[in-house]
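S.K.: Sequence:
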Amino acid sequence: MAPPPVHLALVFHCNQAITPFAQVAVENCYRGLVRVLRRHPAVAVNFHWSGSLLTGLQWMAPELLDEVREEAAGGRWELLASTYAQNVHFTGPAELNALALKMHRAVLAAAFPGVKIRGHWISERSWHPDLAAQIASSGLEYTLIEDHMLAAAGCEDLQRPRRLAAGPGRDLVVFTDHERFKHRINWALWTGDVEPALSALRETRSAHARPDLPPILTWAEDGEVTGLWALHRGVPPQVIWAHLDRLLTALEREPGVRLTRLCDYLDRFGGQIPAERRRIGPGQAKWMCASLADANLPYHEDGFADWFDFNRRSPKVRRFRPVFGRAARDLMQVAPRTPAERRLWLHAGLALTSHTFEFGCIGIGGPRARMWEAHRTSRVAQHLLLDSRAGHRTTGVGRADLNGDGRLEIVAATRDVVSLWSARTGALLSLFDRRTGDELAGNELAESSIYGRGHDDEAIPEIKPAEKVWSAFRSRRQRVEEFEGWSKLVPRAEAWMRHLIDWTALPHAPAKVAQVQLARDAFWALENGTQATAGVEFPPPVRQRALVERLTVDGDPVLDIAALSRQARTGLRLTGRADGFDLTLVRRPVTVVKRVRLRGPEIAISHTFTNLDSRAHHAVFTLTSEWAPSYLAVLLFGRRALEATTAGARNTQTGAGVSLTVDTGPGCAKAFGLVERTVREALFGLLDERRVELTLVPGEIATLRSTLRVTAGSDFRAVDAIA
1 MAPPPVHLAL
11 VFHCNQAITP
21 FAQVAVENCY
31 RGLVRVLRRH
41 PAVAVNFHWS
51 GSLLTGLQWM
61 APELLDEVRE
71 EAAGGRWELL
81 ASTYAQNVHF
91 TGPAELNALA
101 LKMHRAVLAA
111 AFPGVKIRGH
121 WISERSWHPD
131 LAAQIASSGL
141 EYTLIEDHML
151 AAAGCEDLQR
161 PRRLAAGPGR
171 DLVVFTDHER
181 FKHRINWALW
191 TGDVEPALSA
201 LRETRSAHAR
211 PDLPPILTWA
221 EDGEVTGLWA
231 LHRGVPPQVI
241 WAHLDRLLTA
251 LEREPGVRLT
261 RLCDYLDRFG
271 GQIPAERRRI
281 GPGQAKWMCA
291 SLADANLPYH
301 EDGFADWFDF
311 NRRSPKVRRF
321 RPVFGRAARD
331 LMQVAPRTPA
341 ERRLWLHAGL
351 ALTSHTFEFG
361 CIGIGGPRAR
371 MWEAHRTSRV
381 AQHLLLDSRA
391 GHRTTGVGRA
401 DLNGDGRLEI
411 VAATRDVVSL
421 WSARTGALLS
431 LFDRRTGDEL
441 AGNELAESSI
451 YGRGHDDEAI
461 PEIKPAEKVW
471 SAFRSRRQRV
481 EEFEGWSKLV
491 PRAEAWMRHL
501 IDWTALPHAP
511 AKVAQVQLAR
521 DAFWALENGT
531 QATAGVEFPP
541 PVRQRALVER
551 LTVDGDPVLD
561 IAALSRQART
571 GLRLTGRADG
581 FDLTLVRRPV
591 TVVKRVRLRG
601 PEIAISHTFT
611 NLDSRAHHAV
621 FTLTSEWAPS
631 YLAVLLFGRR
641 ALEATTAGAR
651 NTQTGAGVSL
661 TVDTGPGCAK
671 AFGLVERTVR
681 EALFGLLDER
691 RVELTLVPGE
701 IATLRSTLRV
711 TAGSDFRAVD
721 AIA
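Residue numbers 1 to 723, in my numbering, belong to the letters of the sequence shown in order.
Take the hints with a grain of salt, since some may be wrong.
Derived pair list, reagent style DSS-like, types lysine-lysine, alpha-carbon separation capped at 27 Å [unchecked claim]: (1) Lys102 x Lys116; (2) Lys316 x Lys286; (3) Lys316 x Lys102.
By construction, these hints were calculated from the structure, which means they are not laboratory data.
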């Protein structure tokens with residue numbers, strides 16, 4: 001009698017921070033991965049999409065997310081939960097883990113309504129016994145632990161799952177993350193040679209036959225293995241997609257292999273999974289230990305024996321662990337009562353956890369790294385939440401460091417709106433509607449780079465010149481098709497060295513990689529038979545704030561508030577008032593004074609230009625604002641939730657909006673030309689620029705008057721279902 005089939009679970013772990021670089025991963029990895037998998041509808045797979053990547057996909061590639069949603073809703077693809085931005089569970093603290101789990105579940109609910117989440121991905125694969133209770137208490141049923149950790153605990157029969165006690169009345173099923181088998185699948189992806197993987201599956205089937213509980217192997221790997229890593233090594237992503245297609249075809253034809261979702265295996269054989277009596281002690285990810293031991297490997301940091309040593313002694317971990325713990329604890333202790341408070345709570349939670357990206361992982365983050373430092377931006381929403389809980393509706397103008405960057409900002413509040421302004425530059429940093437708990441400008445989550453530096457939250461990231469990023473797709477509607485080209489391309493051995501840590505798991509020596517000839521049918525391209533060499537516009541503007549001025553006089557730049565925001569001192573002079581503030585922006589050759597006044601639900605802004613010179617001057621003035629009304633809805637539902645209007649922007653989910661009207665003052669029409677408007681996409685916002693030319697004769701005074709109006713949202717049903 002033939003032995004029962006061996007089950008194989010393919011688990012793709014996909015993770016990116018909320019930066020423009022995620023677009024590179026979309027175009028050269030995830031889009032092709034999803035398209036190839038959908039060519040094999042009978043193949044069941046498992047996905048972990050990090051919360052930060054899901055948020056990014058909602059904006060950058062909503063149509064790609066539609067495809068994933070269709071597969072998940074149809075029961076073909078399983079989805080796993082984890083921490084929102086992949087802070088390492090082991091590193092903690094517990095309060096941060098609990099909050100990060102909540103935030104990831106929230107964005108999963110928004111992206112995949114009605115899809116039940118049952119499994120858990122352990123961030124950076126580092127296990128601690130306390131995690132069993134944390135995972136099970138959040139309603140999840142299973143997770144994966146690397147094979148060497150289970151073997152070290154004395155566990156036997158690693159080809160089958162086990163149950164761990166996870167608190168009173170709870171248990172957690174543990175599937176083995178087969179580290180050694182993983183490299184055989186990786187070998188197939190990189191070389192097109194599927195035989196080592198098939199041999200391992202056949203051996204497992206024959207050696208571990210058991211009718212009541214068949215063996216299951218798991219391949220759990222970073223999704224970036226299917227294109228992005230290749231791109232970094234000079235290999236076109238289409239090579240990997242062709243190899244993935246070849247591998248899936250071979251697995252479908254292999255009679256003794258059954259590709260499965262982990263939840264399906266659990267449903268079918270859960271009653272036969274035995275309890276594990278051994279304690280599975282703390283375990284560290286093999287890849288991090290390998291990188292710490294070898295300075296030539298990615299993410300290496302000097303001075304640590306292994307990851308346990310890093311986790312215990314790393315100065316950056318020791319510095320930020322209590323900081324993140326306090327921030328998460330403060331938020332978790334607040335119990336929102338009203339819908340507006342629940343929105344503020346979720347907003348603050350996403351702003352905090354998005355800036356703990358991969359905390360506890362080697363080779364990333366640290367002091368002055370915005371990916372961690374900017375967790376303080378969550379304090380603005382949290383401050384408004386606490387004010388609401390206390391029944392405060394403070395109005396007027398004052399100074400406070402609400403965003404925690406060590407600088408006092410101007411807080412201008414009416415009963416309807418609260419605005420936060422830079423006391424150095426006069427830029428509008430954030431704008432909230434008190435009535436709905438809604439942010440209309442601010443954009444705390446987006447960052448210009450994963451390696452961005454800076455502690456000062458008022459600094460506006462520089463808009464870099466647009467460049468083309470390599471994209472494997474010329475349009476988002478194109479199919480992936482075979483292409484017989486580039487037959488001379490052969491990857492060098494070192495191209496894959498960084499990703500194949502344990503060569504003893506393979507039947508090939510590293511030198512043989514260079515001898516693997518890639519077949520002509522291993523290349524993929526566009527349906528018109530040509531390879532795309534130009535990609536999407538990159539990078540987009542990021543976190544540009546609002547009401548930011550730029551001025552040129554007679555062709556010479558004399559004012560750039562965005563550039564000034566990145567300097568320690570600006571030289572601008574601010575005068576506070578009970579109902580607003582005045583800021584002298586330029587003194588010579590044309591004096592420019594900005595005045596901001598609270599007017600109930602509106603904010604009035606004026607710019608007065610005075611020519612004190614003895615000759616006429618021609619000037620060009622621009623006022624740039626980044627709008628994202630109902631920012632929480634934009635984060636949860638993406639680009640489709642935001643549209644430009646004739647004077648601002650509107651959220652299509654909630655109806656909330658912001659408008660800015662710009663007019664010349666009385667008697668000033670002759671000085672000004674027409675006010676021109678352009679709108680372009682930023683990362684999680686619309687960049688609205690007003691441009692006007694003016695000519696001032698000696699002694700002339702001209703005023704440009706602007707009115708900022710907020711429209712409260714009226715339909716928060718979709719948001720409140722998540723919050």
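S.K.: Taking the hints in turn, state whether each one holds.
M.R.: Checked hints:
1. Lys102 x Lys116: Roughly 15 Å separates the two Cα atoms, so the pair holds.
2. Lys316 x Lys286: 21 Å, holds
3. Lys316 x Lys102: Since the Cα atoms of Lys316 and Lys102 sit roughly 25 Å apart, the hinted pair holds (cutoff 27 Å).
Going through the hint list in order, the structure satisfies each hint without exception.
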